[in-house]
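Going line by line, the protein sequences match chains A and B. Counting in full-length UniProt numbering, the first sequence tops out at residue 648, every number present. Counting in full-length UniProt numbering, the second sequence tops out at residue 648, every number present.
These are calculated hints, taken from the structure and not from any lab test. Some hints here could point you the wrong way.
[Said to hold, decoys possible] For the chain A half of the interface with chain B, some residues (derived, Cβ under 10 angstroms), not all of them:
#	residue
1	Thr126
2	Phe129
3	Leu193
4	Phe212
5	Thr359
6	Ser361
7	Ile373
8	Pro374
9	Thr415
10	Phe421
11	Met422
12	Pro464
13	Met468
14	Lys471
15	Ile474
16	Gln610
For clarity, every value in this text was computed on a predicted model and none was experimentally measured. Each residue gets a CB set at the ideal place from its N, CA and C atoms; glycine is no exception.
2 protein chains.
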Amino acid sequence: MFRSKEFSSVLALVLALQLSGQGKMATFQLEKTVLLVLLLVQVCAIHAVSADSDSLEKYVDSLPEKNELTSTPNKHSTIFKDAEKLVKEDTNGTTAPNTTVTVVTSAATEATSKSHQLEEKHSSFTIFFILLVLAFCIITTHLLIITKFHYLPESVAVVIVGGIIGGVIKILSSHDLVDLHEEEAFPPTIFFLVILPPIIFESGYNLHKGNFFANFGTILIFAVFGTLISACVVGGGIYLLGVAKVAYPLDLLESFAFGSLISAVDPVATLAIFQALDVDAILYMLVFGESVLNDAVSIVLTNTILAMRRPEMADVSGAVAFFHGVGHFCLMFAASSAIGIASAVLSSVTFKLFDLRKTPSLEIALMLIFSYIPYGLAEGVGLSGIMAVLFAGIVMSHYTHRNLSPITQITVQQTFRTVAFMAETCVFAYLGMSIFSMYHHVKVSFVLWAIALCLVGRALNIFPLSFMANKFRIHKITPKQQFIMWFSGLRGAIAFALSLHIDMEKEKRQVLVTATLIIVLFTLLFLGGGTMPLMTILNRKKTRTKKKKELNLSKTKEMGDTVETTSEHTEAEEIRTVKPHVSKFMSLDQKYLIPWLTRIITAQEVREGQRQMATLTDKWYKEVSQRSTTEESEEDDLQTLISGNSEP
Amino acid sequence: MFRSKEFSSVLALVLALQLSGQGKMATFQLEKTVLLVLLLVQVCAIHAVSADSDSLEKYVDSLPEKNELTSTPNKHSTIFKDAEKLVKEDTNGTTAPNTTVTVVTSAATEATSKSHQLEEKHSSFTIFFILLVLAFCIITTHLLIITKFHYLPESVAVVIVGGIIGGVIKILSSHDLVDLHEEEAFPPTIFFLVILPPIIFESGYNLHKGNFFANFGTILIFAVFGTLISACVVGGGIYLLGVAKVAYPLDLLESFAFGSLISAVDPVATLAIFQALDVDAILYMLVFGESVLNDAVSIVLTNTILAMRRPEMADVSGAVAFFHGVGHFCLMFAASSAIGIASAVLSSVTFKLFDLRKTPSLEIALMLIFSYIPYGLAEGVGLSGIMAVLFAGIVMSHYTHRNLSPITQITVQQTFRTVAFMAETCVFAYLGMSIFSMYHHVKVSFVLWAIALCLVGRALNIFPLSFMANKFRIHKITPKQQFIMWFSGLRGAIAFALSLHIDMEKEKRQVLVTATLIIVLFTLLFLGGGTMPLMTILNRKKTRTKKKKELNLSKTKEMGDTVETTSEHTEAEEIRTVKPHVSKFMSLDQKYLIPWLTRIITAQEVREGQRQMATLTDKWYKEVSQRSTTEESEEDDLQTLISGNSEP
């Protein structure tokens with residue numbers, strides 16, 4: 001419809017796609033028109049001003065020293081880093097190293113100033129583009145929820161939207177109509193520094209701690225040994241197939257690096273499928289716990305294997321390297337979680353010591369800072385940030401959360417959820433877009449074998465380990481549950497980001513990145529999309545003793561319905577089934593840790609909290625009623641509600 | 001106390017400084033000890049693992065190709081950008097430009113992979129350090145509020161904390177104990193892309209629209225002509241002093257660029273002082289409105305003047321250049337605010353069209369996206385993002401806010417406030433730290449003359465323009481108010497960021513950056529710190545007709561006390577004093593725009609909103625009571641409260 005008007009811009013096209021997909025949303029023709037007109041205004045603005053900006057760019061191009069200027073700061077920052085290292089190595093020197101560094105820095109800043117303006121403009125537009133894609137994905141998610149089309153998981157829908165946007169950009173840019181190079185927009189560094197921490201923190205923060213720790217042993221077995229088995233199966237299989245010249249050949253360490261990066265089940269993708277399924281809480285927790293912990297395992301494993309490729313490791317034997325790897329892994333695991341727990345305890349003590357309840361802005365700000373600090377510290381010192389932030393989330397929701405004012409509890413939880421949701425959506429949209437935007441190097445046999453090995457690896461992980469775990473468990477894992485666990489081994493963004501991260505020769509890397517992308521998309525689309533039919537089949541066989549719960553693949557709806565905090569009820573219920581050490585910890589926790597780390601809330605404070613919330617709620621009613629008065633609708637009804645509320 | 005234990009780490013030292021400053025916070029000795037122990041654990045972790053990471057870095061250094069590898073991606077990205085431009089210029093070509101770009105990109109990604117790991121580690125640590133500084137500043141702010149030490153504005157306190165941290169780092173790094181190069185951490189690009197948008201959006205969102213638009217004419221006069229006068233006085237003065245060889249010589253355009261960047265009164269600094277003073281609403285709005293709008297004026301003016309230095313502008317006469325500048329400015333102003341308003345209206349229509357109330361995560365996410373989109377778009381096409389985001393904030397708080405669910409209204413407002421607060425704190429802390437961390441080139445006479453010219457420029461701006469404005473105003477600006485307006489001309493972060501941004505030869509740039517920093521600190525510390533005594537003197541003279549309001553320089557406390565939305569009451573009150581066109585717009589707004597852009601809230605929806613809020617509040621009470629039950633305190637009291645609330 002827009003092509004006929006000669007506005008062949010990507011925005012308009014994508015919008016048209018979106019609107020045509022609405023279907024069930026009818027009637028609001030007026031608003032729809034406004035939406036279109038306004039988007040056209042924005043598109044026109046881009047076109048109109050791009051003439052101006054083009055002239056600027058041409059001017060910059062015409063400058064002969066332009067290339068030098070753009071590259072100079074980079075060179076200087078290299079020099080700067082070298083200088084930094086020189087300073088570091090010269091730890092015993094008595095010369096003042098500052099002068100060198102300062103001079104180099106100032107030279108660097110000097111040269112940077114010119115390119116800042118252009119860089120800023122470029123970054124702004126990139127951010128604008130990302131936000132626009134995000135907005136489309138959010139609306140798609142919303143439409144999925146309201147049309148109750150539950151057979152398509154949200155994550156898959158977002159991947160598809162991303163794919164469509166990527167495809168449209170590809171078509172338009174091949175016809176030279178736009179030049180959005182979104183491949184630049186999402187380097188792995190951004191993924192690991194900005195996207196991943198909120199997702200993991202949020203899953204830690206909203207974790208059902210009772211079930212998680214009651215099953216901690218089993219989860220740990222699946223996460224650590226399961227991932228190891230899967231990594232060995234995939235890595236070994238890929239290596240042997242390469243030697244046998246059946247698939248693309250990789251050397252031993254490369255094979256195992258690939259095996260370990262592809263072995264992690266993705267929490268984002270898995271949660272999206274599992275959170276709403278009619279499975280019992282234990283099975284849900286097993287799959288969720290495994291997916292959260294094995295990210296860390298996979299990241300650590302991949303990095304450990306890649307670290308073995310260093311020259312100084314070349315002369316050690318396989319067994320030594322293996323034990324070195326195990327030691328490294330254990331150290332990582334322990335130190336990272338220690339940082340996370342220490343930082344969470346610090347946050348709890350800080351909130352107990354400084355009463356920030358009167359100033360919600362300060363409280364929320366400090367809470368946000370404490371949610372990121374463990375990641376920054378752990379990554380900064382070379383440990384696993386994901387592990388640190390997961391444990392920080394778990395511990396903070398148990399202690400720190402209790403020290404917050406009610407308004408902050410709500411805001412912080414909503415904010416964490418929203419940020420995690422946005423980060424997840426970003427990831428899936430990018431996965432979809434990268435189908436078209438990246439340069440791919442497809443080795444069909446390699447990809448097919450890798451998929452087969454992934455499925456076999458997960459089977460060899462789930463079934464034997466379940467068998468073993470059942471020997472020790474009171475609550476056994478049934479064969480059907482095992483089958484679901486095997487089937488739901490979705491790979492996701494973390495595997496993809498890790499594959500972008502690995503350092504190999506160009507061609508091999510491209511093959512691996514492409515293979516990873518295809519495997520991720522395969523598991524998302526087929527295993528993720530196939531979960532619903534599978535559940536239907538399994539449910540048909542099952543005698544329906546429980547009250548029928550509507551199957552729902554929307555994670556967001558589930559999250560949005562009620563804002564649930566960590567309820568103590570269910571934790572208490574679980575105590576009888578848990579092992580003695582867990583219940584021991586829980587009584588210890590009730591006796592010493594909770595009183596010591598959390599603030600005692602006096603009746604006075606409860607009253608203040610109630611007043612604070614009542615003020616907020618009342619204000620909303622008053623605003624609504626004022627508007628309704630002018631609109632002359634249901635006035636009396638509202639007045640009753642307000643008076644009913646303001647006298648609690 | 002830590003030095004004796006040989007832990008001469010910066011973290012511990014800063015902590016010690018913080019704790020010794022607590023003074024009035026006593027008794028919690030146990031928690032304090034835990035705080036120290038935990039921080040020591042973190043410090044130890046850094047020390048322990050830094051050995052490991054050092055070896056990694058040494059290994060990387062030992063690689064001969066390391067330097068090449070680090071610089072290669074940069075070179076490649078330059079090539080990439082060039083390729084991009086080639087593609088752009090070749091708009092009529094029939095060759096498929098994608099292939100080139102893709103090949104170059106993949107080559108670039110190939111080479112980047114190795115340096116990613118180190119870059120990530122470095123960035124993580126930088127983020128950790130920034131967050132740590134922020135946390136200290138937040139606690140300082142909190143201590144300022146609870147100790148009721150109102151004579152020190154929060155912004156000044158944060159600058160001082162920043163200065164202390166910067167000084168400690170300087171001392172430690174000169175003794176070669178740490179190497180935190182925070183000068184890298186805050187490039188102007190980050191300031192303009194991350195720090196500034198939330199501050200300006202928040203001030204637009206929480207603006208008192210009635211007073212703002214009632215005084216819009218006067219505000220615009222101060223913001224545009226006032227800033228122009230000040231820029232001319234400072235610029236002309238600096239140029240003439242340079243010609244007369246009294247101060248550091250700058251050429252004409254450089255002088256005026258400096259004049260315009262230093263002329264903008266900073267909203268962040270001004271708000272921190274003004275928001276809690278016992279001045280009437282009109283004066284407050286005049287100063288606030290001026291400070292918000294003249295940022296945009298100053299940024300546009302500076303960029304326009306710098307644009308005139310381009311070669312193609314060299315052959316035009318002064319008058320043509322002047323009119324070109326005026327035209328450019330008007331276009332900027334109109335187009336930027338149009339983008340902001342269009343985007344806000346789009347957001348309002350989107351929220352009306354798609355009912356996201358059931359899924360707060362989606363709602364909040366979309367709201368956050370819409371708050372940034374105008375900035376990204378405007379900056380991306382070369383317009384003023386600050387202007388766009390200001391108007392978007394104003395319009396969104398008027399229309400979009402009404403379409404949100406109560407929980408989202410609260411969360412979004414708290415989140416905007418918190419993010420803006422964190423951004424402001426970042427800015428002031430950085431200003432403080434840059435006293436020590438940057439390389440300074442102080443020209444004493446230049447700085448002194450510049451300060452004098454700033455004061456004179458502001459006097460020549462405020463007094464004549466107030467005289468002129470009073471001719472048209474019903475509500476006159478009294479001489480005392482004019483004096484306060486003159487005195488409160490604080491310069492802030494925007495001026496400093498602009499000075500880092502300008503492109504000049506190295507020495508001149510350093511002189512200007514240093515001068516700007518000193519002027520900013522001078523106005524913050526002396527004018528900002530002197531406001532309280534000045535107000536006391538003025539208040540002593542004044543007959544105390546009004547009920548005495550406690551003087552309070554804490555902006556955060558003011559913000560935190562009540563969460564205020566845009567109340568209709570005061571807007572209605574103002575109608576009688578406003579000019580006819582404003583009241584005309586307001587009736588138009590009530591009749592057409594509000595019904596058309598906002599959703600009609602049915603009694604059903606109000607009940608749902610009430611239920612949603614009640615659920616949240618109840619849950620909090622239940623949690624609190626459960627804890628209290630185990631602690632056996634005030635049980636009955638709480639039970640009464642809960643039952644009282646759950647039956648509204």
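Given Lys471/A as an interface hint, is the shortest Cβ-Cβ distance to chain B below 10 angstroms? violated (36 angstroms)
Hint status (Cβ of Thr359/A to nearest Cβ of chain B, threshold 10 angstroms): holds (4 angstroms)
Restraint: Gln610/A near chain B, CB-CB cut 10 angstroms. Satisfied or not? holds (6 angstroms)
Interface hint outcome for Ser361/A [beta carbon to chain B under 10 angstroms]: With a closest approach of 5 angstroms, the Ser361/A hint holds.
Just to be careful: measuring from the Cβ of Pro374/A to every Cβ in chain B, is the smallest value less than 10 angstroms? holds (9 angstroms)
Given Pro464/A as an interface hint, is its Cβ closer than 10 angstroms to any Cβ of chain B? violated (35 angstroms)
Proposed interface contact between Ile373/A and chain B, which counts if any beta carbon pair is under 10 angstroms: Result: holds, 5 angstroms to nearest chain B Cβ.
Mind checking the CB of Met468/A against every CB in chain B and telling me if the closest is under 10 angstroms? The hint is violated - Met468/A has no Cβ within 10 angstroms of chain B, the shortest such distance being about 34 angstroms.
A closest beta-carbon separation below 10 angstroms is what the hint needs, so does Thr415/A meet it against chain B? It holds, given that the least Cβ distance between Thr415/A and chain B is near 5 angstroms, below 10 angstroms.
Residue hint Met422/A, partner chain B, criterion CB-CB below 10 angstroms: At about 5 angstroms, which falls below the 10 angstroms cut-off, the nearest Cβ of chain B leaves the hint on Met422/A intact, so it holds.
Phe129/A as chain B interface residue, shortest Cβ-Cβ below 10 angstroms: holds (8 angstroms)
Does the closest beta carbon of chain B sit nearer than 10 angstroms to the beta carbon of Ile474/A? Violated - the Cβ of Ile474/A stays beyond 10 angstroms from chain B, reaching only about 27 angstroms at its closest.
Hint check: violations occur at hints 4, 12, 13, 14, 15; the rest are consistent with the structure.
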